[in-house]
Every structure is written in C-alpha cells, then in structure tokens.
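Enquirer: Sequence:
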Amino acid sequence: MAEKHVIKISAIISFFKDDEKLIARGEIALESGHLNSNTFDADLSILRGSVHASMRDRQYSVEVSFNSNWNIVETTCTCPRGQLRCHHMAAVMLFGHYNVSVTDKACSWNLKNNSKSTVQNISELYPLKPHTSTPRNLTEDEINLFKTKLKLFNGTVGFSWLLAEEGENKRTKLVIDVETILFNNNYLQSNDKRSFMQHQLQVTDDLILKVVEATVGQI
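FYI, the numbering for the sequence shown is 803 to 1021, going by the working numbering.
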C-alpha cells in the first residue's frame, strides 16, 4: 500500500465521469484477482497492466499515460472496448492508486490469481456408482422391444423423449451474436466500428420468418 498516492482517486473519477459504473466493475475485477501483472515507470509517466477477462481464457493489456500533474491523458486496452473506456483500465488505475507512491521510480508486480476454482467434467463431479436394474445384461432386441412398447403410450411416459432416435443435427445459427462480432478480427481492425456493427446485425424480413419457423413452440 502506497504511503502517498501518485495516482489520485479524483483523477480516476474524472476520467470515468461519463460512465462511473466502470470504476465499480474495475474494483470487482481487482478484488476477484483478475489483474495479472502491473508495471509503473515514473520517468515515462506510464502505468501498464494485464487483466484477465471475466470468465474467459483471455488476457487484455492496458496502458495508461499521465501528464506532469498525474492526470490521465491517454489510455489503451486490447479489449473490444479499448479505444473508449473499459473496466480493465479502471482495475489497473485502482491498483496503481493503492500501490504506487511518490518515491517509486520504476517497479513491477506479478500478482497471483486468488481464484482456487478448478474445472471438472460431469464424470468427475458425479462418478458412476455400481448399479444394475436387471439381473442380467439385456440384448439389443429386448431393448428395442421395450422402446416399442413405450411408444404405445404416445409420449406420456416420463423421459420417453430421451429414448427417441437421434435425428440429424441440422441446427444452424441464423442470427450472428454480438459477442462473435466483438472478437472478430475484421471488427477489431475496422476504422468505423459502429457502421461495421450495424451492417453485421441487419436482419431481413426473410430472416425474421426463418427465425420464427425455427423457434415455434419454444418457451
């Protein structure tokens, strides 16, 4: 914890005055251990950091430049919102506020992710237990006969739909989602991102009808 702060909270608030919620999101990212590393160079008046994206195996690089009065003059982030304002910037700035002091010249921090969660598959979470429902293994003919008898009830038997023959997977994505666009290289390299986004999200009357047909009966 810095004894005398170089990066003032007032400067951070002023920078995010049009979207102060990003400061709160930056605090959450910092407290959740999403900040991976941070470097500070007093001679260049630059603060850099890398931040993990929320619930993603991605990492974004942030750079913050200051003037002689330590007001924020320029910021960049490699995330899709990086040319404007983002909470990754807020997380790096807040870390700098708490850890950079007036006596620091050049320093760096490598932070450990405090998340101890591990990813497990279903078989690990719910391992199979020894169980047999019949005194012997059934033949394929006996299983098919059982399925045929269930069909006589016209689907009124619970979970009978699970026993139905698997059909062809003809599912296609009719409408592109915003997340796909945001991480598309063409979008990231586009000079006019607003126009690119609007063009990609356009839908025709024909497409609307196709979506209606494909989603009939869904709740």
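By construction, these hints were calculated from the structure, which means they are not laboratory data. Fair warning: this is a prediction, and the values are worked out from it, not measured in the lab. By construction, the Cβ of each residue, glycine as well, lies at the ideal position given by its N, Cα and C atoms. Be a bit skeptical, because a hint or two may be false.
[Stated by the list, open to error] Lysine to aspartate or glutamate pairs mimicking EDC-like chemistry, simulated, CA-CA at most 20 Å apart:
#1 K975 to D1008
#2 K931 to D943
#3 K810 to D859
#4 K806 to D820
#5 K995 to D979
#6 K819 to D859
#7 K995 to E981
#8 K931 to E942
#9 K806 to D821
#10 K975 to E942
#11 K975 to D1007
#12 K1012 to D994
#13 K819 to E829
#14 K823 to E833
#15 K810 to D843
#16 K806 to D859
#17 K1012 to D979
#18 K995 to E1015
#19 K995 to E942
#20 K810 to E829
#21 K806 to D845
[Unchecked claim] What follows is a list of derived Cβ distance ranges for each label pair:
#22 V1005 to E829: 25 to 31 Å
#23 K931 to I811: 27 to 33 Å
#24 H1001 to S903: 44 to 50 Å
#25 L1003 to K806: 46 to 52 Å
Enquirer: Evaluate each hint against the coordinates.
Expert: Results of checking the hints against the structure:
Restraint check: the Cα-Cα separation between K975 and D1008 comes to about 15 Å, which is no more than 20 Å; the hinted pair holds. Proposed proximity of K931 and D943 is contradicted: the alpha carbons are some 26 Å apart, above 20 Å. For the hint pairing K810 with D859, the CA-to-CA distance comes to about 31 Å; that exceeds 20 Å, so the pair is violated. Our distance criterion of 20 Å between C-alpha atoms is broken by K806 and D820, whose separation comes to about 27 Å.
Only pairs whose Cα atoms come within 20 Å are accepted, and K995 paired with D979 is accepted, the gap being roughly 15 Å. As the CA atoms of K819 and D859 are separated by approximately 30 Å, the hinted pair breaks the 20 Å bound. Taking the CA atoms of K995 and E981, the gap is about 14 Å. The hint holds against a cut of 20 Å. Distance restraint check for K931 and E942: the Cα-Cα separation of roughly 23 Å exceeds the 20 Å cut-off, and the hinted pair is therefore not satisfied.
Straight-line distance between C-alpha atoms of K806 and D821 comes to about 27 Å, which puts the hinted pair past the 20 Å bound. With a C-alpha separation of about 36 Å, the suggested pair K975 and E942 falls outside the 20 Å cut-off, and the hint is violated. With a CA separation close to 16 Å, the supplied pair K975 and D1007 stays within the 20 Å bound. About 30 Å separates the Cα atoms of K1012 and D994, which puts this hinted pair outside 20 Å; it is violated.
Between the alpha carbons of K819 and E829 the distance comes to roughly 16 Å, so the proposed pair stays at or under 20 Å and holds. The suggested pairing of K823 with E833 holds, with an alpha-carbon distance near 16 Å, which does not exceed 20 Å. Taken as a hint, the K810 and D843 pair is honoured in the structure, with Cα atoms around 16 Å apart against an allowance of 20 Å. Using a Cα cut-off of 20 Å, the hinted pair K806 and D859 is violated, with the two alpha carbons roughly 35 Å apart.
Proximity of K1012 to D979 is assessed by CA-CA distance (about 16 Å); at most 20 Å being required, the pair is judged to hold. Proximity of K995 to E1015 is assessed by CA-CA distance (about 32 Å); at most 20 Å being required, the pair is judged violated. Using a Cα cut-off of 20 Å, the hinted pair K995 and E942 is violated, with the two alpha carbons roughly 58 Å apart. Of the pairs offered as hints, the one joining K810 and E829 holds, with about 15 Å between alpha carbons and a cut-off of 20 Å not exceeded.
Between K806 and D845 the CA atoms are separated by roughly 18 Å; this keeps the pair inside 20 Å, and the hint holds. Between V1005 and E829 the beta carbon distance is about 38 Å. The supplied range of 25 to 31 Å is therefore violated. A beta carbon spacing of about 55 Å between K931 and I811 contradicts the range 27 to 33 Å that was offered as a hint. Restraint check, H1001 to S903: a C-beta distance of roughly 49 Å satisfies the suggested window 44 to 50 Å.
The beta-carbon spacing between L1003 and K806, approximately 49 Å, falls within the hinted interval of 46 to 52 Å.
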